[in-house]
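Chemist: Using the sequences and the hints, build the whole thing.
Going down the list, the protein sequences come from chains P and X.
Here my numbering is used: position 58 in the first sequence is 97, and no number is missing along the way.
Here my numbering is used: position 84 in the second sequence is 89, and no number is missing along the way.
Don't read these hints as lab results, they were simulated from the structure.
A quick note: this is a predicted structure, and the numbers were derived from the prediction, not measured.
You can take every hint at face value.
FRET-style restraints, in silico, Cβ to Cβ: (1) P:101 / X:118: 35 to 45 Å; (2) P:53 / X:74: 41 to 51 Å; (3) X:90 / P:147: 21 to 31 Å; (4) X:43 / P:123: 22 to 32 Å; (5) X:66 / P:69: 26 to 36 Å; (6) X:77 / P:47: 36 to 46 Å; (7) X:43 / P:116: 25 to 35 Å; (8) X:72 / P:121: 35 to 45 Å; (9) P:116 / X:14: 27 to 37 Å; (10) P:84 / X:27: 12 to 22 Å; (11) P:69 / X:21: 43 to 53 Å.
Covered by chain P, according to a simulated footprint, are these stretches of chain X (three or more residues, beta-carbon under 8 Å): (12) 34-47; (13) 91-103; (14) 106-114.
Cβ atoms here follow ideal geometry from the backbone N, Cα and C, with glycine treated the same way.
The primary structure of each chain is shown beneath.
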Amino acid sequence: AQSVTQLGSHVSVSEGALVLLRCNYSSSVPPYLFWYVQYPNQGLQLLLKYTSAATLVKGINGFEAEFKKSETSFHLTKPSAHMSDAAEYFCAVSGGGAQKLVFGQGTRLTINP
Amino acid sequence: SAVISQKPSRDICQRGTSLTIQCQVDSQVTMMFWYRQQPGQSLTLIATANQGSEATYESGFVIDKFPISRPNLTFSTLTVSNMSPEDSSIYLCSGRPPNTEAFFGQGTRLTVV
Numbered sequence: 040a041q042s043v044t045q046l047g048s049h050v051s052v053s054e055g056a057l058v059l060l061r062c063n064y065s066s067s068v069p070p071y072l073f074w075y076v077q078y079p080n081q082g083l084q085l086l087l088k089y090t091s092a093a094t095l096v097k098g099i100n101g102f103e104a105e106f107k108k109s110e111t112s113f114h115l116t117k118p119s120a121h122m123s124d125a126a127e128y129f130c131a132v133s134g135g136g137a138q139k140l141v142f143g144q145g146t147r148l149t150i151n152p
Numbered sequence: 006s007a008v009i010s011q012k013p014s015r016d017i018c019q020r021g022t023s024l025t026i027q028c029q030v031d032s033q034v035t036m037m038f039w040y041r042q043q044p045g046q047s048l049t050l051i052a053t054a055n056q057g058s059e060a061t062y063e064s065g066f067v068i069d070k071f072p073i074s075r076p077n078l079t080f081s082t083l084t085v086s087n088m089s090p091e092d093s094s095i096y097l098c099s100g101r102p103p104n105t106e107a108f109f110g111q112g113t114r115l116t117v118v
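Modeler: This is the structure we're talking about:
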């Protein structure tokens, strides 16, 4: 079975500050890992994905994430937050040939002016 | 990536009635998924829908309550039957080509009164 834990249901940072959203996973098979963003009243949009290639993954809107197998982590970062980054962020895992995604609880990111 | 058109985008329904949600994909996709997102929570998988076979339901979800159709590789429907206020949620459909990321519809925001 696979699972995802996102530490912090709500993260608040100042505009221009570093964004760090934490994600730890559990998987008995090599995982595929994803970060999705959900803006209010919208569906989910893919930010980035890890599929066993480079461990440092760059995504859209200046976000990146690093896969650390030893720590079973896939934390999302952005060097400088922008007001438009305010949204809900979900980490998800799949693997072992299973196509379905298992989602974390989500982290609501608030940006303070 | 592919685009999913999901409708209706929102609805307010009377308890005891049923609502059918439709998802149309702009390309052929083998596997489609239906998720529920209860207010302020993460996404929970309801079922996996493959063309030509009965949907596979996750624990806690049953076909009588959430019948699913998948008549071809570009279309699926989810019906929420005999609705109660507890069914008030966002329902999202998703498609995922093999070994790549999932893409999502915009969601259906359902309120049961």
